[in-house]
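Novice: Chains as they are written, first to last, in the working numbering: chain A, 81 to 361; chain B, 1181 to 1437; chain C, 83 to 319.
For the record, the hints were derived by calculation from the structure and aren't laboratory data.
Some hints could be false.
Covered stretches of chain C, going by a simulated chain B footprint (3 or more residues, C-beta under 8 angstroms) [as the list claims (entries may be wrong)]:
| hint | region |
| --- | --- |
| 1 | 100-107 |
| 2 | 140-149 |
| 3 | 161-175 |
Idealized CB from N, CA, C, for every residue including glycine.
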Amino acid sequence: MSKGYNFAYLDEQSKRMIRRAVLKAVAVPGYQVPFAGREMPLPYGWGTGGIQVTASIIGRDDVLKVIDQGADDTTNAVSIRKFFARTAGVRTTTRTPEASLIQTRHRIPETQLKAGQIIVFQVPIPEPLRWLEPRETATRRMHALGDYGAMHLKLYEDIARYGRVTTAYDFPTLVNGRYLMSPSPIPRLDNPKLDRSPALQLFGAGREKRIYAVPPHTTVKSLDFEDHPFTTERWAQHCARCGAGDSYLDELVIDDRGTRRFVCSDTDYCDTRLAGTGGAR
Amino acid sequence: MSGPLLEIDGLCKAYNGRPALIDVALDLWPGEVLAIVGESGSGKTTLLRCIDGQVAPERGAIRFDTRAQGMVDLTLLNEARRRRLLGNDLGYVHQNPRDGLRLELSAGANIGEPLLQAGHRHYGRIRATAESWLAKVEIDPGRIDDLPKHFSGGMQQRLQIARNLVTNPRLVLMDEPTGGLDVSVQAKLLDLLRRLAADLDLAIILVTHDLGVARLLADRLMVMQAGRIVESGLTDQVLDDPHQPYTQLLVSSVLQL
Amino acid sequence: MTMPSTTPLLEAKGVSKSFTLHARDRLRLAVLSEIDLAVRPGECVVLDGPSGAGKSTLMRTLYGNYRADGGAILVQRDGETRDLVRATPREILALRRDTIGYISQFLRVIPRVPTIEIVAEPLTALGIDREEARKRAASLLARMAIPERFWALPPVTFSGGEQQRVNIARGLIAGHPVLLVDEPTASLDSVNRQTVLALLQEARDAGAAIVAICHDDVTRAALATRYYKIPLRVQAT
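Here chain A stands alone, though its shape is the one from the complex (with noise of 0.2 angstroms):
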């Protein structure tokens, strides 16, 4: 752990408001509690509202694993890992199992998490309406009053036009059948991850200046038409790598040619898999 920082980088005034705002998050499900948010030593849209979250309840005997669209080893999870073992010397891990907390971009792991395990998600845009609507005294009106019709017509118009609803990522939620929830960039394939999960599931958003909570054992409704059920992807591939059929695929150019091949985009289980201890589903 470096010398000349305060434990995972915040003074301890900053972190009990983060915290603060953490609390106020869990009692109000999806509700988006806005947040004095710092200066963080990388910009806007790099996570550092998942950081602030993570370094306001990180402790020392926490085991951190940080990814990046499901894999350890990208640029951004291992710079955030570091960071971390700098400032807090905490122990980490890749290992979803063993982690205590988890801090993640745009992914939730496979493995199901369990009690007592925290997920810190990076949020670009906590607002679902915003695509809606731009003024955030509306927003906030429409969350106050519950007033969530025109969230329905973003699916309307995808049905009308495409046949079918089209939204990929960030599919908005009804969480604890009250407020709407972006649940930040993860594909469609997580969205049933997030309904009753037996663990705490944060998100920060930094440049937005907002934290919100899914409390464990929650319900997370992804929004659907009676005649239009939610439905999440389908790939006809089953990983090259570790041959399972479950899991979100990334395609992989290999070669000059263009080959491609997909592969688990959560490393942990696909190298799990492979090494045959079988990772629970």
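Based on these hints, arrange chains B and C on the given structure of chain A.
Specialist: Just chains B and C now, kept in the frame of chain A:
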């Protein structure tokens, strides 16, 4: 249902000390069409906006017969309670249809939104309802996926009306619904409104400066001047036998060719 | 002809009507003064008096189109007596729907409405099913010798006589017990006049109470059971 749908009394509203409504009272029964005429600045639009909850009066009561709780004074409700109690019972047709439509969404989506807001979740049925309403307001149902920003003013206004009526409101407030449309388009729209009002047993409060529109559509007429109601009665009564000086002036100003 | 029973269906008592023209320095024109007129079922009272005596004014006041200054206008409805002068706008509209009919001198209609709808409208206003209303309108129009091919057209292009027959059909279709009729046969040839008179006589003999303005002798002779001369007005300041 045996009582009035709407009862207003002692309504007062001022903007920065300038009175816009002075002691306004009226009642409206289910299925009645009431026209409010007056010049600009008479307070007629302010009255409509008070009923719709867009502005709050300083004094007075606006009682509406809600389905859930009977007669309730709307001025005492905050927005959340107002929405819960009124549901879709009250519609508002803006003078400029662009203020009452989502121009970036299709015609079908515009009509479907109130249904979605009311909790309907069956895409096929919502779409079928939207198609039938397009036909009712004489827009080709084949245009259900077109954007209203590509519609003419008259079509936009008809779309706005469909959007307001799709949830069967008990009362619709209309602010100069035919203003800004040319004469033949106006005529079509008025015919439509007449038929819909009769078929749906809809109560309408219609604000207009055009006495011809009032005569065509309204059972009753109220004349406003400088924030007060100066005369009211049956439409034909007020127009054919005006008592007040201002009313006589208004009526005589209409071109009789 | 049925003998008129004792209770008048329409009774004006002490009715006065004047107009104040504010634009002309509040000039007051007294037109009607202390009018007493009772009309019983089976009666047709033809209003008498020179032009400008107030015949039209009285008709319009009896319909509630003009507001009387004083007196009462009693109408029998549902076994109860209503006073038109004191009635609320809602009550007057209800009376016009089911009790008092007014047939104006010329057809005044909302443009672009097909003839059959114009004639059916008084029935749909009473809550009668649209199809049923149209059927009855069709048979009445046929009786009035309006060709079927015209029924879907608005009457604006019809001749004066045709328009007047549509007007009469609309006025009679709902079977109002009280009818106010202004010059019903003025623009008709003798054949059509006969048709219209027959219909009005039928209504009268079935127990309607009619007040009529008509100038031609044939019509007066056919319809009137008595005449009422509007008293000379009392000049007021």
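Novice: Compare the structure with each hint and give your call.
Specialist: Checked hints:
Only when three residues or more bring their CB closer than 8 angstroms to a CB of chain B does the claim for the region 100-107 of chain C stand; here the count is 5, and the claim holds. Interface restraint, the region 140-149 of chain C with chain B: holds (5 residues with C-beta to C-beta distance below 8 angstroms; minimum three). Chain B is given as covering the region 161-175 of chain C, and this holds because 4 residues of the stretch bring a CB closer than 8 angstroms to a CB of that chain, at least three being needed.
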